[in-house]
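S.K.: Start from the sequences, fold in the hints, and give me the full structure.
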Amino acid sequence: MDSPPQPGIHIRDMVKVFTDDQQGEVRALDNVSLHIRSNEFFTLLGPSGCGKTTLLRVIAGFEQPSQGRVLLDDLDVTDQAPYRRPVNTVFQSYALFPHMTVAENVRFGLEMQKVDPAAAERRVAEMLELVHLTGMERRKTGQLSGGQQQRVALARALAPAPKVLLLDEPLSALDFKLRKGMQIELKRLQQETGITFVFVTHDQEEALTMSDRVAVMKSGKVLQIGTPEEIYRHPVERFVADFIGETNFLPATLSTEGHPAVFTVGNAGGFTVRAEASQLDQRQGSQVTLAVRPERTFLDPAGHGEGLSGRVETVVYFGTDTLYHVRVDGLEAPLTARIQNRDNHAPDIDEGAEVRITFPDDAVQVLKD
Amino acid sequence: MDIRRFPGTRPIAWLFFAYLYVPILILIVLSFNANRTATIWTGFSLDWYRAVLSNNDILSAAENSLIVAGAATLASTLLATLGAVGMARRRFKGQSAVSAVLALPLVVPEIVTAVATLLFFILVGLKLSLVTVIIAHTVFCIPFAYLPIRARIEGLDPSLGEAAADLYANELVAFRRITLPLLWPGILSGAILAFIISLDDFVITYFVAGPGATTLPIYIFGSIRMGISPEVNAISALMLFISILFVSLSHILGRVTNR
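Protein chains in written order, with the UniProt record's numbering: chain A, 1 to 369; chain B, 1 to 259.
Worth flagging that the hints you see were computed from the coordinates, not collected in a lab. Fair warning: there could be bad hints in the mix.
Stated by the list, open to error - Which residues of chain A face chain B? A partial, calculated answer using Cβ under 8 angstroms:
id, residue
1, F62
2, N88
3, F91
4, A95
5, F108
6, M112
7, P160
8, T253
9, T256
All C-beta atoms, glycine included, are put in the ideal place defined by N, C-alpha and C.
M.R.: Next comes the structure, spelled out in structure tokens:
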């Protein structure tokens with residue numbers, strides 16, 4: 001490759017095959033290549049078994065890849081032992097050393113790096129202040145709450161000032177309120193320290209709220225990489241659209257090629273939308289799937305004019321929003337429309353009402369599959 | 001239905017405990033008997049304990065027992081620790097078979113091990129002595145030391161070792177600073193168990209002990225052939241006391257550090 005050296009993490013043609021007694025060979029990573037930029041908050045998102053944790057462990061050095069290279073600031077670290085890599089990890093189980101105090105845990109990495117004891121002492125205090133645990137130095141880790149243990153794990157991993165911080169679903173053991181708080185906290189820490197964060201999660205909301213960029217993974221492959229907005233607004237595959245947020249899927253036929261192309265929605269005909277389909281090689285008359293988010297799906301209670309005609313099946317009131325599930329002839333699943341309750345009362349559409357469904361052209365995403 | 005509600009459970013339980021402990025209780029009581037005939041009570045006395053502690057044969061047998069138990073405990077615990085750490089480090093083909101083989105000595109009849117060990121020593125031309133006793137004891141103590149250590153390792157979070165490596169500790173330092181301190185309770189527990197098993201062993205020792213390698217159980221067996229003497233009662237009571245002390249220690253260690 002002749003590209004100029006770029007800082008950050010480069011994963012090149014990564015393959016990891018596990019041999020399992022029951023299932024035989026499992027390809028946990030199937031030819032993954034990606035670039036994580038310096039100082040960014042990068043998230044690996046996917047369902048369990050998609051290979052996200054394996055990729056993290058390969059970067060840390062806990063797993064040896066079957067094929068492929070890991071480059072850290074253009075230095076090949078693939079064959080380096082974990083203790084030689086300038087990379088620290090926050091483990092899902094925290095993995096705090098139970099026979100040590102909070103301060104001893106945080107100091108451990110510094111001690112191993114032979115940092116001068118006085119400087120290490122200052123660094124420990126600084127780290128504990130960063131995660132709001134000042135005064136807890138002499139506690140044993142077993143005496144701490146889940147949220148506090150989480151902070152110790154963070155402080156311990158940040159203390160040696162690594163180039164990269166790896167986080168393996170660190171928030172999954174916390175309750176809802178605490179998790180929300182820690183999300184903001186992590187984002188703040190990343191911005192304050194300027195360290196590259198690689199964050200693994202199966203929680204799409206977490207990924208969207210915290211990340212600079214997200215890689216969506218499935219079955220050992222990276223399906224899409226982009227900013228949260230790109231991933232949410234322009235999913236390229238059905239899986240991505242389905243995994244992140246809620247999505248209505250509609251069958252459609254390409255009626256006029258071009259930029260944008262024109263699609264006829266549903267089997268009823270008559271209702272057309274324009275959408276960009278440049279990433280696809282589609283001909284007139286070919287069948288595609290369109291994805292539309294519920295909040296961009298509009299209901300017209302008058303029941304006239306353009307749109308798909310349907311009948312409201314259920315109405316679910318959510319406080320901030322109301323969800324309408326609408327049955328449309330010829331579609332397998334009902335479509336969902338999410339309408340914000342800006343007024344004091346929910347819109348006047350009852351169960352059983354006949355409605356027309358429309359959406360603006362720019363709400364439509366044409367999917368590869 | 002609750003099994004404790006079955007009629008007769010309580011008396012059967014009492015019978016069981018009586019069967020188990022009344023003989024031991026009688027032995028302890030008789031070790032304080034003033035009469036030379038061991039089975040007739042005539043009054044309280046500490047004479048037999050005094051006799052035991054001034055009998056050179058008994059003292060040298062006790063010394064042998066302690067040397068053997070000490071050496072065998074040290075060697076077997078070391079090997080068991082290495083084995084347990086190795087077994088936990090990574091999964092390999094045939095691991096469950098190795099696990100089974102490690103625990104097999106616990107179910108092999110001791111007489112078989114005894115004969116086999118003796119044959120082996122003769123075959124390799126090793127002269128029977130205290131050294132052969134130590135070697136034999138080391139071997140059969142390994143599974144006893146191994147099991148508590150293995151249990152302790154299995155209770156540890158495997159990412160602790162990874163966390164140490166992640167924080168720039170090489171394998172040796174990670175073992176010394178993280179694994180070993182966390183394994184201590186298991187290792188001590190295993191060592192204590194090995195010590196008691198070794199102290200108590202008769203069958204294998206009887207086969208592989210050379211001249212001058214008489215241990216306490218061998219001495220007791222030898223002296224009992226000339227009739228049960230009150231000294232034998234006193235030695236047995238002392239050994240019982242030591243065993244109970246060590247088992248309690250091991251139990252307390254397990255409890256304190258499992259919190």
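S.K.: All hints are to be evaluated individually against the structure, with a verdict given for each.
M.R.: Right, here's what the structure says about each hint:
1. Satisfaction of the interface hint for F62 (chain A) is found here, the shortest Cβ-Cβ separation to chain B being roughly 5 angstroms, below the 8 angstroms cut-off.
2. For N88 (chain A), the shortest C-beta to C-beta distance to chain B is roughly 6 angstroms, which falls under 8 angstroms, so the interface hint holds.
3. For F91 (chain A), the shortest C-beta to C-beta distance to chain B is roughly 5 angstroms, which falls under 8 angstroms, so the interface hint holds.
4. For A95 (chain A), the interface hint holds, the least distance from its beta-carbon to any beta-carbon of chain B being 4 angstroms, beneath 8 angstroms.
5. Proximity of F108 (chain A) to chain B holds as hinted, the smallest CB-CB distance being about 5 angstroms (cut-off 8 angstroms).
6. Given the 8 angstroms rule on beta carbons, the hint for M112 (chain A) holds: about 4 angstroms separates it from the nearest Cβ of chain B.
7. With 8 angstroms as the threshold, the beta carbon of P160 (chain A) comes within range of chain B, its nearest partner Cβ sitting at about 7 angstroms, so the hint holds.
8. Nearest Cβ of chain B to the Cβ of T253 (chain A): about 52 angstroms, over the 8 angstroms cut. The hint is violated.
9. Look at T256 (chain A): its Cβ only gets to about 57 angstroms from chain B, farther than 8 angstroms, so that hint breaks.
Going through the hint list in order, the structure does not satisfy hints 8 and 9.
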